[in-house]
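There are 2 protein chains.
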Amino acid sequence: MARPGKSVSVGIGDDCAVLRLPRGHEALVTTDFSLEGIHFRRDWQSAECIGHRCLARGLSDIAAMGGRPIAAFLSLGLPSAVQQRWVDGFFRGFLGLASKLNVQLAGGDTAESRSGVLADVMVLGSVPRGRALLRSGARPGDQIYVTGELGRSAASLRDLMSGKVRKSDIYPEPRIAVGEWLRKNRVASAAIDQSDGLSTDLSHICKAGGVGAVIEASAVPVHPESSLELALHGGEDYELLFTAPGSKRLPGKIAGIRITQIGEIVKGRSTHVVTDGRRLRLQARGWQHFRR
Amino acid sequence: MARPGKSVSVGIGDDCAVLRLPRGHEALVTTDFSLEGIHFRRDWQSAECIGHRCLARGLSDIAAMGGRPIAAFLSLGLPSAVQQRWVDGFFRGFLGLASKLNVQLAGGDTAESRSGVLADVMVLGSVPRGRALLRSGARPGDQIYVTGELGRSAASLRDLMSGKVRKSDIYPEPRIAVGEWLRKNRVASAAIDQSDGLSTDLSHICKAGGVGAVIEASAVPVHPESSLELALHGGEDYELLFTAPGSKRLPGKIAGIRITQIGEIVKGRSTHVVTDGRRLRLQARGWQHFRR
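Line order of the protein sequences matches chains A and B. Mapping the first sequence onto this note's numbering, position 203 (from 1) lands on 1066, and the numbers just tick up by one. Mapping the second sequence onto this note's numbering, position 136 (from 1) lands on 999, and the numbers just tick up by one.
In case anyone wonders, no lab produced these hints; they're calculated from the structure. Worth double-checking, as some hints may not be accurate.
Copies of the same chain are indistinguishable here, so a pair counts whether it falls within one copy or spans any two.
DSSO-like cross-link-like pairs, simulated, lysine-lysine; straight-line CA separation at most 30 Å [to be verified]: (1) K1070 to K869; (2) K869 to K1030; (3) K1111 to K1047; (4) K1047 to K869; (5) K1027 to K1070; (6) K1111 to K1130; (7) K1027 to K1116.
Given these sequences and hints, build the entire structure.
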């Protein structure tokens, strides 16, 4: 499947894949386990969309480190009843995104699963040595930014659960180019991808940096189909959430993606949201997937 | 869990692990999906043994490339009924082997599994650029070698299936030091790890090199508890199978492990075994795990 390229010296077919990193780079590795019934449902999403999303999770982690992805590895467990047509669709979605972002499928494994479909995806990327964007660098006075719009995935889930729609395919785009821009321009003090929900992901940045945060509710870029509540607590939009010193001037768009300042890092350990002049505690109660 | 060391710049707790490869090295990546009922059974093996074996599979792949392992990533699916004691045992086995071979657990994921225990393990290693031992280099006239003794895992399975024993814990040792020795001394023309059974693994080397092979049955190092049949076709001993030009003189032991010459690479595409003076076709009918 993988044709060895410049970065992939040996692809599928030996005991290991052999991958070349650019000189002076270190390796980034992320793994994401996606399980039917928890992260996706075959009756709610197309096979293509599920394949895309399983890979997008890992690519988004690479983006949040300011890295560039090189190769992906897919371990796929399939119930014996799954039709080949579904598997073909899954691979179309997975490989379509991989090809778009110049990532090779360089290995993996398949097995029969006795319950639902499960996909464990590993992505290998690289970043110049010592230059990865970490969660831990936010300092009081830093401004808080987010890419794109929030709440779309959660709105789709709301509509599926209420029966308003039967199927909903959302294809998040990992913000690789934005992450690279932030790293190259030495702008971000901390970064994370919005996978668990803004409130939860922001709490990770605050905990890692030993700081607090205040979010301005009216500034949050809410997706037109969504709500402030879902934008604050819904997950899986895979936008980047990052902080930058107040002295840095950021453009309105990076790599074509809108950048919005939504608040500020403060001293202390707590996170608040200011809405209609009132300052409320922002609880980290993000995304729980489709959990029962 | 992982304390960042020399190779692991950032361990568990950020969006990605950040790993440093030695200068001039390229990355080796292998993934192995181990499923309850197929690769292991909780009633047949201890939790420690299962944890050890899940990691051993990947480390053995690194050994077969002549590489050195750096970090492991574990995605673990657990049924809700599994007791914490079992999970602790699994980690004891997994981390015990990791520590012995200086490998850090640098990330992973856990999820609830609706069927059995499943573990997807990714191992990242490194090898000097362009020096990985591949499956494809065997040439006619090369001698075929194997480390250690074969057939022990298959004998254990036979005893479990027949009810002769109730439990059987076998802890294979990935042959990292042997693989590194072969690579450093530029001895091996091709290498693979014996995971699917000698007949199948040899067929991979023959196919990759476009060559055939003749094995001398009396030379095969059969484990004392096993049989020639199980040594030829049983799998999961995780010994190294490699070829070297006839001009190379190999020691009887490498890194303390016995090395046995068992046959020769020949022209053509077929593999034979010579037993009692008769030359029989060696069918690739290795290991099918515990498959129903």
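Checked hints:
For a Cα distance limit of 30 Å, the shortest separation of K1070 from K869 across copies, 25 Å, qualifies, whereas the shortest one inside one copy, 39 Å, does not. When the C-alpha separation of K869 and K1030 is checked against a cutoff of 30 Å, the pair qualifies neither within a copy, at 39 Å, nor between copies, at 48 Å. Taking the closest pair of Cα atoms, K1111 and K1047 come within 30 Å of each other only inside a single copy of the chain (14 Å); across copies the shortest separation is 50 Å, beyond that limit. In this assembly of identical chains, the alpha carbons of K1047 and K869 lie at most 30 Å apart whether taken from the same copy (22 Å) or from different copies (25 Å).
Taking the shortest Cα distances, K1027 and K1070 never come within 30 Å of each other, neither inside one copy (38 Å) nor across copies (55 Å). In the homo-oligomer, the alpha carbons of K1111 and K1130 lie at most 30 Å apart inside one protomer (19 Å), although the nearest pairing across protomers, at 67 Å, exceeds that limit. Proximity of K1027 to K1116 under the C-alpha cut-off of 30 Å is found in neither arrangement, the shortest distances being 34 Å within a copy and 69 Å between copies.
Taken one by one, the earlier hints fail for this structure at numbers 2, 5 and 7, listed in ascending order.
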